[in-house]
Amino acid sequence: MVVLSAARWVRSRLTDRFWRVQEVLKYARHFRGRKNRCYKLAVRSVRRAFVRSTKARREKKRFLRALWITRIEAASLEHGLKYPAFISNLVKSQVELNRKVLADLAIYEPKTFKSLAALAQRRRQEGFLAALGDGKEPEGIFSRIVRHHY
Amino acid sequence: RYVRQLQRLQFLFSPTAADARGARQFVEEAAQDFARQHPDVVLYVSPCSGTAPLVRAEYLNGTVREELIASKTSEEIVQLVTKLANQSGLDIIRIRKPFHTDNPSVQGQWHPLTNKPSILTVQGPRLQPQ
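Going line by line, the protein sequences match chains A and B.
Here full-length UniProt numbering is used: the first residue of the first sequence is 1, the next is one more, and so on.
Here full-length UniProt numbering is used: the first residue of the second sequence is 1, the next is one more, and so on.
Computed far set for chain B versus chain A, every beta-carbon distance over 10 Å:
{"hint": "1", "residue": "Gln7"}
{"hint": "2", "residue": "Ala17"}
{"hint": "3", "residue": "Ala30"}
{"hint": "4", "residue": "Ala31"}
{"hint": "5", "residue": "Asp40"}
{"hint": "6", "residue": "Val42"}
{"hint": "7", "residue": "Leu60"}
{"hint": "8", "residue": "Lys83"}
Just the calculated beta-carbon pair ranges, DEER-fashion:
{"hint": "9", "chain 1": "B", "residue 1": "Asn103", "chain 2": "A", "residue 2": "Ile69", "range": "19 to 29 Å"}
{"hint": "10", "chain 1": "B", "residue 1": "Ala52", "chain 2": "A", "residue 2": "Arg37", "range": "27 to 37 Å"}
{"hint": "11", "chain 1": "A", "residue 1": "Arg32", "chain 2": "B", "residue 2": "Ile95", "range": "21 to 31 Å"}
{"hint": "12", "chain 1": "B", "residue 1": "Asn86", "chain 2": "A", "residue 2": "Val101", "range": "26 to 36 Å"}
Calculated directly from the structure, the hints in this document are not laboratory data.
Backbone N, C-alpha and C fix where the C-beta goes; we use that ideal spot for every residue, glycine too.
Same shape as in the complex, but just chain B (with noise of 0.2 Å):
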């Protein structure tokens, strides 16, 4: 089943300020929408004066992702929420190898005696000089 990772979102802008007219008219109109289709996710809405419009997007690994919201559209900003819901909270960094394993080998890993005879590994009982 699948769960979103997605838990809730803050909506941080003023209500005066001339670059959150975007997100002013998004959570006029498109928010009670994109609420109802992502029953999952928790929105959150605060006026804050003299700082940038942001969202903050808060995952279920804990990572927090902050986007700037100033002089967006409202479809500009419900094309970014929809992208933060469908995110998961891993970090955005080159992913080294496309595959993972915790147990990598089943036959015990190669070193250097596994192929050499068992005369040189096993100890046997001291033979004592007769």
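Bound conformation, chain A alone (with noise of 0.2 Å):
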């Protein structure tokens, strides 16, 4: 018998609420007050912090770069340089490494951040004479620019 459209007396009860309940309410269960139990105040809690959790994946970025520059302050003040120096006289010296990087370094390897920052210091005396010595003393070592051809 082929039945095209279901009778008319049998009406489908919800028989899944609870499940339909639980899926809002396990991404409410570390949250502060009622809004972790019932379920009106859970929907409105856990849609606001979807759409918080959207818009801070840019913040983030911005977080965390303010972090490593905080980093890289702090490490290279500790070998004498202030952070414009540091990271404008590596630029020049054609040391292409990112924030995060060089504060990984500063945490892992202080050797080799103590080495970065030297080249740095080097760098920067080449260029103070440079500009200040005019002429004819022969140019710095370490601004020498090397063009990679590709």
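Using the hints, build the complex out of the two chains.
Here it is in structure tokens:
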């Protein structure tokens, strides 16, 4: 017998309301107050939490960069250099290390960081000589630019 | 050499339930081909009436993953089972960092006394007052 439409006296009951509610409450379990127990309050809180987490992904990048800069500044001050001098002289010596790697080196490889600080310091001195000395002295060794032809 | 992380697949469904029709078709038709293509995986088929049809995947690191196959066609079950076979048993959560090392520091991790003069750390023989 082919039944094209359900019989009119059969009405379906919602049987998995519990699981639908749990789907939302499982993301609210670590919240504070009634919004970790009551569905009506939890729905609002969970939605706001998701929206905030989406927006925060852009801020996370800014936050981490600021953290790296703070750490590099602290490490370079230990070696007697300020952060702008350190970064600008590293860039001028064609050392293309980003702030994440520099922060990791400062934490886990302190001797490497010390040598990088010394390199930046030397390049800084050569820059001063080139700007103030004017002419007769030969160019600094670390001021040479290597051009790679790929 | 590649070692498949999936150990065994257990198909639990009842022979008469309506939502297990796809599972029955899969076991009749596609299970043999799947077993031939994946010789490392052991397939167990057992009847259990009264519960929803599900496929249980056990991995080499001990994780057991259960997936419902109620009201799924045979092709969908084939896709699901190939997906399970290609997974490893690691739990599916957000990976915090895409890298991991057991030895992060080669030169010794920084501590507040690394760049200070060594007079602060070295304890020489105690000088007696003369």
